[in-house]
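Could you put together the complete structure from these sequences and hints?
Number of protein chains: 2
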Amino acid sequence: MWKKILLCGLVGAAVLTVGLLIGHYGITKSSSPDWVGAVSRDVDESMIEQFIKQVDNKQIEENLRELTKVPHMATSQGDVQLVQYMLDRWKDPKTGLDDAWKDTYKVYLSFPDDNTPNNVTVVSSTNSVLFTSRLKEKDYTEDQRHPDIVQPYAAYAPAGNPRGKLVYANQGTVSDYEFLNETLNLTGTIAIVRYGGAGRGNKAINGAPFGVIGVLVYTDPKDINDGKMSDENETYPYSWYLPPSGVERGGFAQDFGDLRTPYLAAKDHTYRIPESDIKGLPPIPMQPIGFEDAYTLICALTGPDPPPDWKGSFNCSYKLGPGFDLNSKFPDSDVQMNIYNKCVLKNSDNVMGVIRGSVEPDRYILYGNHRDSWVHGAIDPSSGTAVMLEITRVLGKMVKEGKWRPRRSIIFGSWGAEEFGLIGSTEYAEEYYSKLRDRTVAYINVDISVFANATLRVQGSPAAQSVVFTATKQVKTPGSQTLSVYDNWIQYFNRSSPTHGTIPLLGYMTGAGSDYAAFIHFLGITSMDIAYTYDRSKTKARIYPAYHTAYDTFDYAARYIDPGFTSHQTVARTAGNVLLRLADSLLIPFKASDYAETLEQFSKTALDTYNVILTGKNIDMVPLMNAMAKFKSAASNLEKLIRDSDLTLETPLKVRRINDQLMFMERAFIDPLAFPDKQHFRHVIWASKSSRVPTFPGLADAFDQAQKSDSAQDWQQVHRHLSIIIQAIEGAAHALEEVI
Amino acid sequence: MWKKILLCGLVGAAVLTVGLLIGHYGITKSSSPDWVGAVSRDVDESMIEQFIKQVDNKQIEENLRELTKVPHMATSQGDVQLVQYMLDRWKDPKTGLDDAWKDTYKVYLSFPDDNTPNNVTVVSSTNSVLFTSRLKEKDYTEDQRHPDIVQPYAAYAPAGNPRGKLVYANQGTVSDYEFLNETLNLTGTIAIVRYGGAGRGNKAINGAPFGVIGVLVYTDPKDINDGKMSDENETYPYSWYLPPSGVERGGFAQDFGDLRTPYLAAKDHTYRIPESDIKGLPPIPMQPIGFEDAYTLICALTGPDPPPDWKGSFNCSYKLGPGFDLNSKFPDSDVQMNIYNKCVLKNSDNVMGVIRGSVEPDRYILYGNHRDSWVHGAIDPSSGTAVMLEITRVLGKMVKEGKWRPRRSIIFGSWGAEEFGLIGSTEYAEEYYSKLRDRTVAYINVDISVFANATLRVQGSPAAQSVVFTATKQVKTPGSQTLSVYDNWIQYFNRSSPTHGTIPLLGYMTGAGSDYAAFIHFLGITSMDIAYTYDRSKTKARIYPAYHTAYDTFDYAARYIDPGFTSHQTVARTAGNVLLRLADSLLIPFKASDYAETLEQFSKTALDTYNVILTGKNIDMVPLMNAMAKFKSAASNLEKLIRDSDLTLETPLKVRRINDQLMFMERAFIDPLAFPDKQHFRHVIWASKSSRVPTFPGLADAFDQAQKSDSAQDWQQVHRHLSIIIQAIEGAAHALEEVI
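Each protein sequence line maps, in turn, to chains C and Z. Once you know that position 263 of the first sequence is 262 in numbering that gives the first Met the number 0, the rest is easy, because the numbers rise by one and skip nothing. Once you know that position 243 of the second sequence is 242 in numbering that gives the first Met the number 0, the rest is easy, because the numbers rise by one and skip nothing.
Think of the hints as simulated: they come from the structure by calculation, not from any bench. Since no wrong hints were added, every one of them can be taken at face value.
No distinction is drawn between identical chains; accordingly, a pair holds when it is met within one copy or between any pair of copies.
DMTMM-like mimics (lysine to aspartate or glutamate), calculated; alpha carbons at most 20 Å apart, straight line:
# : residue 1 : residue 2
1 : Lys266    : Asp619
2 : Lys101    : Glu736
3 : Lys345    : Asp254
4 : Lys616    : Glu274
5 : Lys653    : Asp41
6 : Lys653    : Asp33
7 : Lys629    : Asp102
8 : Lys603    : Asp703
This is the structure in structure tokens:
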């Protein structure tokens, strides 16, 4: 009996144990919510490998072919067609995004008059026209014969018919005009200047105060063609060099964004400032011409010889003028500019597309490029758009097939009217300011994706350095199975970092060269601009020679810039890799300590350059050093916290908190009142500056000004800018410090 | 045998079932992380009940007694002692907070000269001094005999010794001076004006252009004492009314924040603008005097009679002047002001204390009051500080005992130098701008907690209306077991809401009356200001009569403002309840639809008032209506989403997302460039304005200006402000819309 009871007890206990075990492990417990796993998932490296594999150079080539069929200047027929094309691609049921739409702005643009083309003539004293500049570029392929090609012109330069003696003013910088003014009377002259050295419109803004009444701009073969000039065998279609009739078009206004609605999105109903209130426009007519015409004019000049470094590649002496040599074709003649540009309000579209984030849809990674070109724009900007479309095709397909969805939302932007001054992206930033400010982790810009096929080139906020490095170590150079983009890049651009040793050089985002401007300077969003570029030992060209001309075509790209489109593919893989890491990483891959390194370098430069003089003015730089120390220590504490945590086990709100600290760090550098005269520039580290000292822009420019004037008021401005920087760096430190 | 097997099987099955059940339900499964429950916990109503119970009127009384022992004007000995007292309280191991510290700013303050007191004299034509104003207020209790009582003066009014004929200028508004100027020559006169109707400093700013060279300010018994004048039985210590020698001190600068470091925190090293660059200061000497002295001066005046509504309570005719009646005590005499105010930089402290949030430490609820008074400041501001200290005592105790910790962090601020222009709170907002902007859910201000004991009075952002209503329904009125604060409040201040029917009236946060200014106007943080106040049927006093005088003492508070301190207790319970709901609710208790109601009312008023004229100027108001519709629809969609969700079951990141939408809604109304002439005012809904039309301030003021001038430029400004408002409302709608 006892045995039976014992046996019964044992069996009972065994059965109970089985029950306990099955009950505990075998049956899913409803108390652990479904989302627990999802919220702590990190980036999936195998997915990134898949992405890299699927990025296809042939697809990019086909994208580019489609994008460059016709000229597509902002708001033109070709642009409107591309709006639809982008929408179709991003709404494609198999490879499209979750959603796509267009945002329309009514923007202030400048065009030549179709019926009365601009021209530059040489007129004799008896009013005979001895010479007329070309109205269009010479055609070598079918592309140059397209009727929609806009005549070369200087957008936003005023109309007018100035007539005067020609002078050669080098690059049209202030010092160039000052130099001329020492010996010549510039009043009533027309200046001819080379591209480079000064902003496009500044060549007129600088000259007008000296009496110059019109400016011609051309690209000297020395600056763009490594000296090559002949279209019989040297220039396109024989090479990538610019044919003699090629003309660089461009926007000639200083500020960016729609010029009549600063800080307001340019809707139909929006208040527009009077045209007369727009600042930074060329005050006198301007016209760009080809070097063929420039040669004719410059080589006929009279007057003194220029300094040696003013000379370009022409086989003549580049006399300064004023006026033409009596032995030239144009004795006693004037130059007459006939400029019929006019400004109009036109509707320009941004095309937007999104992939909704699964875990944090309210965190955005933005990726964008402009859509509008000057002519066919194969390189500028379609090389970037072709890359963007390949990235969206690969990611869109994964989304549509249910294989992947990012943690954070990804927003793609195909911006309108960039060539006229980054208009589409800036209006977007203005319209959605609060939302973008509150939610955006990063902005990736890929405008011209391939300038040339030698090496990667990245400009970016230091916060993004490490994610760019991670991505570039994983992607191989074009055609190679072994050499990483990183290892190739470091050979071309590098620097010595106190923390990391020799590393690739991430360029600064100081200017407003492309659509990143509104994101970094106005919104304070960590941004980067990615491209493949030149081997500088092989060319001195200021930029790829067909830039903004009728030769920037598919044929040009396919033959001379990136045959096989493997550099495009490499950029797509690199930018896409960065995008995926930003979108999917549990921890946002920003490093505050990398920012600290740059800030410390700026601070050290400021100290070395200014401290002796500022001490003499009773302006103390120690508080700047203290702010730096605070930022460094905050960065290192945060990184220690991250190192010491297993974020996959932490509450998702702690991970979010750390991510917010990293995201908002950059925002702390925004000060809307720091630069009252620099429209949209609010980032106290990266704002544009005139000074050549590589340090904080407000401080550097204020110091230069104060040294020049030595006025008490200007020294006060130096102190003010020092205080602004200190407050911004301390603000960024607060963003990183323990939240309570 | 079969029976046995069957039995065995049944028993076995039963045991197994028990095992399964225990295994599944009885043993905690490790796969569900600890934090899952915590992140979805909502506000604990029983904890709030506990809080209400523990708030003790006796403790508040003792706090007030301690706080009012000595005068504690900003940076004085008494203020420095209170800094230490606050630190001691907040660091108390049993009832203190997690941490407390002080933040010091070097700020620009204005004081009279201790050695050479200000005075106002009447001087005869032979330079005999016929009358001298009182140098200090008459003492009735020991408090008025304290040596640290600052002489009455007008802070930031310049020093000087103007001498001239006296004129009576009513309240010193622009129209008051215009009226006088029609018949009198104001050049070289000294104006005597009543408090009220215009900002303190404006009484001089308005008069100076008419030639006025000095301004005396006094409080007419009609405006403050319901006409009572005699200190033999009518005024304090016999009642709450102001004794004849009582003088209202005050800050007389227009702008708020440290005047020499606008937008920069006033650290030692910070750049300071030159004193001559400070805007909005009184341009001529000013001095406040008691109505006893004012009576002597005004009743001796000659000249025409004033309009009836200029007359106060004096039993004389309030002649306008200029100068004294030949039959008065002062025939042929001038008034001479001898003002020795001087400005100095002094260190002022904010005392800060925190309770760290358990789940979202990076979300802040701020609660603050200033610490500095003019004299003993029992009501202003110590009634608020006594309440704050009781709230921190009760919450600190719960924290120290491990009974409670808020979901979000709570930051308490005891601001310095408010009386000089909200300086401590504004410097704090400047120094920590980015961090506060990114993380702060709400700011609660309780300055004077009890003006009188009749009813609650709340000014606040409409977003906070519902949480204030919830709290006030739960707290009972002083001494009552049944009547809620809400039900009492609605009897005194109410309005008809299209959505809610008759509800208590939440006042607008339009001015800069206390430390909420920097938080709502500069930072765009949802703010509220809470107090108990008057039954307006019982008194017409502009404010409690001892305001800013030497009679604002503990004795005054205990005898006449809140005997038993039960109104203080009610405010502590109400403000604490709001604080706890903001800190602990899973969903931030803001209602976007309540904001929509206010915005719609503003829009409707704008449409009704301006549309006919604006249409004539080709300015279309339909886009404003469209923006409103967009905001309303976004608000209602978000509220539907909230209604349809069980947030306790959602991923914490979804809850956080919705909370961020609610938190950042208010931020979208900030535009740093909307009001370039209004320092620190950036909130396009609540900025200060001159117009009386209850609508958007920028639009209203621009419209008034344009109607006055009818200049094209001014009408453009109307259009500009309309666009600014539309963009802000749309921005707020974007903050609320589906995030992607």
